[in-house]
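Chemist: Sequence:
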Amino acid sequence: MSRPMCRLFTQRLGANFAQTPRTTAAFRNTAAAGGRRFASGESGPNPKPGQNPFKVWPFVAITLVGTGSYILMARSRDGSYMTPDITTPQTPRLPAPKQDHPRFSPTNVTVVFVLGGPGAGKGTQCAKLVDEYNFTHLSAGDLLRAEQERPGSEFGGLIKEYIRDGKIVPMEVTVQLLENAMAEVVEQSGGRGKFLIDGFPRKMDQAEKFEESVVKAAFVLFFDAPEDVMMERLVKRGETSGRADDNVESIRKRFRVFVETSMPVVERFEKEGRVVRVKATQMPEKVYEDVKEGIQPWIGGKN
Numbered sequence: 003m004s005r006p007m008c009r010l011f012t013q014r015l016g017a018n019f020a021q022t023p024r025t026t027a028a029f030r031n032t033a034a035a036g037g038r039r040f041a042s043g044e045s046g047p048n049p050k051p052g053q054n055p056f057k058v059w060p061f062v063a064i065t066l067v068g069t070g071s072y073i074l075m076a077r078s079r080d081g082s083y084m085t086p087d088i089t090t091p092q093t094p095r096l097p098a099p100k101q102d103h104p105r106f107s108p109t110n111v112t113v114v115f116v117l118g119g120p121g122a123g124k125g126t127q128c129a130k131l132v133d134e135y136n137f138t139h140l141s142a143g144d145l146l147r148a149e150q151e152r153p154g155s156e157f158g159g160l161i162k163e164y165i166r167d168g169k170i171v172p173m174e175v176t177v178q179l180l181e182n183a184m185a186e187v188v189e190q191s192g193g194r195g196k197f198l199i200d201g202f203p204r205k206m207d208q209a210e211k212f213e214e215s216v217v218k219a220a221f222v223l224f225f226d227a228p229e230d231v232m233m234e235r236l237v238k239r240g241e242t243s244g245r246a247d248d249n250v251e252s253i254r255k256r257f258r259v260f261v262e263t264s265m266p267v268v269e270r271f272e273k274e275g276r277v278v279r280v281k282a283t284q285m286p287e288k289v290y291e292d293v294k295e296g297i298q299p300w301i302g303g304k305n
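Numbering (our numbering), first residue to last: 3 to 305.
No wet-lab data here; the hints were simulated from the structure.
Accuracy of the hints is not assured; some may be wrong.
[What the hints assert, rightly or not] Taking CB as the label site, the calculated pair distances span:
hint	residue 1	residue 2	range
1	D144	Q190	36 to 44 Å
2	N182	D207	15 to 23 Å
3	G275	N136	34 to 42 Å
4	D167	K288	16 to 24 Å
5	D144	P286	13 to 21 Å
6	E210	G296	21 to 29 Å
7	R254	N110	39 to 47 Å
8	K238	P108	23 to 31 Å
9	N249	P104	34 to 42 Å
10	Q298	E272	15 to 23 Å
11	E156	E291	37 to 45 Å
12	D167	G125	18 to 26 Å
[Claimed, not checked] DSSO-like, lysine-lysine: derived pairs with alpha carbons at most 27 Å apart:
hint	residue 1	residue 2
13	K218	K273
14	K288	K238
15	K255	K238
16	K255	K294
17	K218	K294
18	K255	K211
19	K273	K196
20	K162	K211
21	K162	K294
22	K130	K294
23	K130	K196
24	K205	K218
25	K255	K196
26	K238	K169
27	K238	K273
28	K273	K211
29	K169	K288
Source: prediction; values computed, not measured.
Where a beta carbon is used, it is the ideal one built from N, C-alpha and C, also for glycine.
Hey, can you work out the whole structure from these sequences and the hints?
Modeler: Written out as structure tokens, the structure is:
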């Protein structure tokens, strides 16, 4: 029985007792008289047809209310009357690396994190370093876009939504994609490899996760450029790139995310003495000369 129905019975029951005080008194008088007649052997008077010395329906109401309350309580205990449990769908996740130490040794595998705001020229400079220093260039953004387009990808829709909104893709997805790509190269290269990882880490927890599970990075190569210069470059690139995130609204979101989340990574590595900072507003050739000069103490020769 529902709570409103219980309340209605209670109200009517209280009103009945309040409005008929004579019923209780009549009942007491009748009971007393009956007792005297029983002791004297007299028979009591027969009630008139349809007449009842006290009303019965309030007691019926009490019984119904009690029974309904008991049923409701019993159902709620065994779960048969409870609201169905609605489970929120979970965001899909790639399995995190299971090893309790980095997969690769920094003695055999060299990793350089390449950071800079959107449009700072990271891809252009990485291509030059690949040609001259035999690095393998891994772009976190390119890996995510490739996974997004891969038929049957469990994470394609998730990645597409995050990239479109200028948000950072969940860490587990990005780290696992990078590890898979690196493992393939290392296996084909006799257990060794040199990697430029472009556009990663985007947050400090990504850097920590990568170094805990994959390998410790040698240093961060940071391309420093003001926002107005990067905006001009990206708008021009968007005319031909066909990328969903090369529009003004997405670019502004990406700037904001970079300043709020990626710059703390640069600052943290800089405190550890692991940053090569290059001014990225110059002509590409001059920028590359500064890059080579900055990384020479870290990587030595070109092999």
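Chemist: Look at each hint and say if it fits the structure.
Modeler: Hint check:
1. About 19 Å separates the C-beta atoms of D144 and Q190, a value inconsistent with the hinted range of 36 to 44 Å.
2. Separated by about 20 Å at the C-beta atoms, N182 and D207 satisfy the suggested range of 15 to 23 Å.
3. Judged by the Cβ atoms, the range 34 to 42 Å given for G275 and N136 is violated: they are separated by roughly 25 Å.
4. A C-beta distance of roughly 35 Å is found between D167 and K288, which places it outside the suggested range of 16 to 24 Å.
5. Checked against the hint of 13 to 21 Å, the pair D144 and P286 passes, with Cβ atoms roughly 20 Å apart.
6. Between E210 and G296 the CB atoms are about 24 Å apart, so this pair conforms to the stated range of 21 to 29 Å.
7. Separation of R254 from N110 is about 41 Å and conforms to the stated range, judged on CB atoms against 39 to 47 Å.
8. Checking the proposed 23 to 31 Å range against K238 and P108 shows it is violated: the Cβ atoms sit about 38 Å from each other.
9. For the pair N249 and P104, the supplied restraint of 34 to 42 Å holds, since their beta-carbon distance comes to about 38 Å.
10. Under the hint 15 to 23 Å, the C-beta atoms of Q298 and E272, about 19 Å apart, fit the expected range.
11. Checked against the hint of 37 to 45 Å, the pair E156 and E291 passes, with Cβ atoms roughly 44 Å apart.
12. Distance hint for D167 and G125: a CB-CB separation of about 22 Å, consistent with the stated range 18 to 26 Å.
13. This hinted pair checks out: K218 and K273 have alpha carbons roughly 16 Å apart, not beyond 27 Å.
14. Only pairs whose Cα atoms come within 27 Å are accepted, and K288 paired with K238 is accepted, the gap being roughly 21 Å.
15. For the suggested pair K255 and K238, the alpha carbons sit about 17 Å apart, so the restraint of at most 27 Å is met.
16. A distance of roughly 31 Å separates the Cα atoms of K255 and K294; the hinted pair therefore is violated under the 27 Å criterion.
17. Between K218 and K294, the direct Cα distance comes to roughly 22 Å. Compliance with the 27 Å bound is thereby established for this hinted pair.
18. Simply put, K255 and K211 have alpha-carbon atoms about 25 Å apart, close enough for the 27 Å limit, and the pair holds.
19. Taking the CA atoms of K273 and K196, the gap is near 24 Å; set against the 27 Å cutoff, the hint holds.
20. For the suggested pair K162 and K211, the alpha carbons sit about 23 Å apart, so the restraint of at most 27 Å is met.
21. The hinted pair formed by K162 and K294 fails the criterion: a straight-line CA distance of about 35 Å is larger than 27 Å.
22. With a C-alpha separation of about 10 Å, the suggested pair K130 and K294 falls inside the 27 Å cut-off, and the hint holds.
23. The hinted pair formed by K130 and K196 meets the criterion: a straight-line CA distance of about 14 Å does not exceed 27 Å.
24. Restraint check for K205 and K218: satisfied, since their Cα atoms lie roughly 16 Å apart, inside the 27 Å limit.
25. Between K255 and K196 the alpha-carbon distance is near 32 Å, which puts this suggested pair outside the 27 Å criterion.
26. Under the criterion of a C-alpha separation no larger than 27 Å, the hint pairing K238 with K169 is consistent with the structure, at around 22 Å.
27. Distance hint between K238 and K273 is unfulfilled; the C-alpha atoms sit about 35 Å from each other, more than 27 Å.
28. Between K273 and K211 the alpha-carbon distance is near 19 Å, which keeps this suggested pair within the 27 Å criterion.
29. With a C-alpha separation of about 32 Å, the suggested pair K169 and K288 falls outside the 27 Å cut-off, and the hint is violated.
Of the hints listed earlier, those the structure fails to meet are numbers 1, 3, 4, 8, 16, 21, 25, 27 and 29, in rising order.
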